[in-house]
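A.B. asks: Here's the letter readout for the chains.
Number of protein chains: 2
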Amino acid sequence: MARPMGPVRLRRTNYVTLTIGACLCLFILYFLVQDGSDVSTSSPNADSHPIRKPVTAKSKLIGDRSPVRRFNLNNVTITPDPIENQEVVLILTPMARFYQEYWDNLIKLDYPHELISLGFILPKNKEGNAATAALQAQVTKTQKGPLKDRFRSVVIERQDFDPPILSQDEGERHKIENQKARRSSMSRARNSLLFTTLGAETSWVLWLDADIIETPPSLIQDLAAHDKPLIVPNCYQRYTDPETGKPAERPYDFNSWQDSPTAQELASKMDPDDIILEGYREMATYRALMAYMADRVDERDVEVPLDGVGGTALLVKADVHRDGAMFPPFAFYNLIETEGFAKMAKRLGWAATGLPNYKVYHYNE
Amino acid sequence: MARPMGPVRLRRTNYVTLTIGACLCLFILYFLVQDGSDVSTSSPNADSHPIRKPVTAKSKLIGDRSPVRRFNLNNVTITPDPIENQEVVLILTPMARFYQEYWDNLIKLDYPHELISLGFILPKNKEGNAATAALQAQVTKTQKGPLKDRFRSVVIERQDFDPPILSQDEGERHKIENQKARRSSMSRARNSLLFTTLGAETSWVLWLDADIIETPPSLIQDLAAHDKPLIVPNCYQRYTDPETGKPAERPYDFNSWQDSPTAQELASKMDPDDIILEGYREMATYRALMAYMADRVDERDVEVPLDGVGGTALLVKADVHRDGAMFPPFAFYNLIETEGFAKMAKRLGWAATGLPNYKVYHYNE
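First to last, the protein sequences are chains A and B.
Here the working numbering is used: the first residue of the first sequence is 171, the next is one more, and so on.
Here the working numbering is used: the first residue of the second sequence is 171, the next is one more, and so on.
Any given hint could be a false lead.
The list treats identical chains as interchangeable, and a pair is accepted whether it falls inside one copy or across any two copies.
Straight-line alpha carbon distances no greater than 25 Å define the calculated SDA-like cross-link-like pairs of lysine to any residue that follow [as the list claims (entries may be wrong)]:
hint: 1; residue 1: K345; residue 2: R420
hint: 2; residue 1: K278; residue 2: Y406
hint: 3; residue 1: K516; residue 2: D332
hint: 4; residue 1: K294; residue 2: N255
hint: 5; residue 1: K516; residue 2: F500
hint: 6; residue 1: K350; residue 2: Y503
hint: 7; residue 1: K278; residue 2: T414
hint: 8; residue 1: K311; residue 2: E297
hint: 9; residue 1: K296; residue 2: N242
hint: 10; residue 1: K296; residue 2: V238
hint: 11; residue 1: K318; residue 2: F500
hint: 12; residue 1: K516; residue 2: D471
These are computed hints drawn from the structure, not numbers from a lab.
All chains should be built: construct the whole structure from the sequences, respecting the hints.
C.D. replies: Structure representation (structure tokens):
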């Protein structure tokens, strides 16, 4: 009886194995389909396969290497109630140095993190390497931490061009003769980051500089509630008053302004390649600076129209960028970077708004 | 002996099942890891999860919703030998009408299709709906067809703004008074498409109009071999000579040109919002048009420097776009769309080149 038992056992074993195998195959198929549908409806980027891996094992198995993705740009809403409408916000940060306070503040933003994608670009130099390492450590920690803290996705890019000035020292950085090269390079970094991370499903882009260390946790929804194409809070800096020894604050970002006849006159006499800079004694523009318009702590929602904007914190409807508005690395109407961006947006029909009493704070170096 | 046999069989079954189960589990894990690494190294877009699905089944299972992707833009090569270096080409086509000949020509391009991503944008009107349906049918057919024909990925977008002129009739479309609105709208479409599909790993962008129905199959590698930031072949049109009844060809695209003192003089007297248009008797610019420079069939590689470019077929190094060069929907130095793009690229330090004897052909309406 030993001989016939073999086949019998074997056959029974086969049935059980086949059943379990079939279940597991269904499980695998579930993942394949799951994955396929994710890719085909979500990733708006045209290049979704790794270089040097033209035909992946998976694509051979499922018999199709090429997901087709369709987007109706009408279906991406951009509304004053972005949480209710589950709108995706892309926070973009060019980063030369990593400040822990920046990250801590970012984590505290109470816009649902599963709707926030992060994009960073860092220079390819020694300082950039250190910042990248520090950033990656925090990203890893957060993305492995409590679910509510984890962001939708994180992209970290390294620049493929050198920054013009090696020193991030504040004095050196702000010298007027270094400004054009510095801000042109910053524009290129912003554009690289923007062009490679903006998707068809992005509703809002929040530009947030790496040295912004304090904002209200409700920053995104507060700004979005104004329903403006470009909106910018007032960037201040906390310090200790040397005379009184008490905490105080002072205006920091002077790039948000309303134009003046003097500045326009100045521009009309300039070479098209020259740029007007704000906040320098050598070049008095008599523009109305938002930095000096903060007057009422309790009227945070007061709006002012702006002609130039700073990029320390700046919320932009994604359609403004999709229309083509970028950060000119060249003199554009004698303006550059974020100020040139506001001008370009205006040329596209999108006006800028400022919130003089809504403050965010810059790191004090 | 019947009773003890049961457990014995069962135990044996268990071993076999466990082994098979373990293998299948490893298989599943392979897919999970495979999938994870795909996402984390390939999709350069920050928004890779579908809207209204903040926490997917998969992310719950693998305990992390948020892939972190790192890119070193230095590692994306852009070389004269893009096939050897496995460089990804993004072909972008704004499409108002679908021509089968366009698709047939696209399929015939012999650049490895697994390195070609396609991006389309179509207007949201009746004609756009028809074109979308026809395009989708062909995309589906190709992506399910022979592996060598299948493209790396395909994105189809629908515009969220209305085209200014409803008729795609050639006469109406080319009327001088309709040109600014038409080309401004075209610029917005190009920018939307570009900003949402360009990735960190894209090396080249080939702009290819939907009415280009004949190109050499080696178009991409031929143009890339010149190693120029922007390069444009000569766009002609085949027709039947009414006098001889024989096949003939004539220049079609007049947007590729070298600037002239007359045009510069014209611009200097214009309102900054006005645009200079090429190919209209009413506005003689005396620019040197590449359309008329084709002289030698056998010297396909002759290069000429250009100041304005057309977009019927136009190969651009992705870095030019990543730097910020886009298609101005507004008058930019009195230029618009692709001609404005060439000017903007030049402002960024990237010059345009034309190949007068290298021809591509436009549909004959």
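A.B. asks: Next, verify each hint and record whether it holds.
C.D. replies: Hint check results:
| no. | hint | in the structure |
| --- | --- | --- |
| 1 | K345 x R420 | within (20 Å within a copy, 56 Å between copies) |
| 2 | K278 x Y406 | within (19 Å within a copy, 58 Å between copies) |
| 3 | K516 x D332 | between (30 Å within a copy, 20 Å between copies) |
| 4 | K294 x N255 | between (38 Å within a copy, 23 Å between copies) |
| 5 | K516 x F500 | both (17 Å within a copy, 10 Å between copies) |
| 6 | K350 x Y503 | both (14 Å within a copy, 21 Å between copies) |
| 7 | K278 x T414 | neither (31 Å within a copy, 77 Å between copies) |
| 8 | K311 x E297 | within (21 Å within a copy, 50 Å between copies) |
| 9 | K296 x N242 | between (43 Å within a copy, 15 Å between copies) |
| 10 | K296 x V238 | between (41 Å within a copy, 22 Å between copies) |
| 11 | K318 x F500 | neither (41 Å within a copy, 43 Å between copies) |
| 12 | K516 x D471 | within (22 Å within a copy, 42 Å between copies) |
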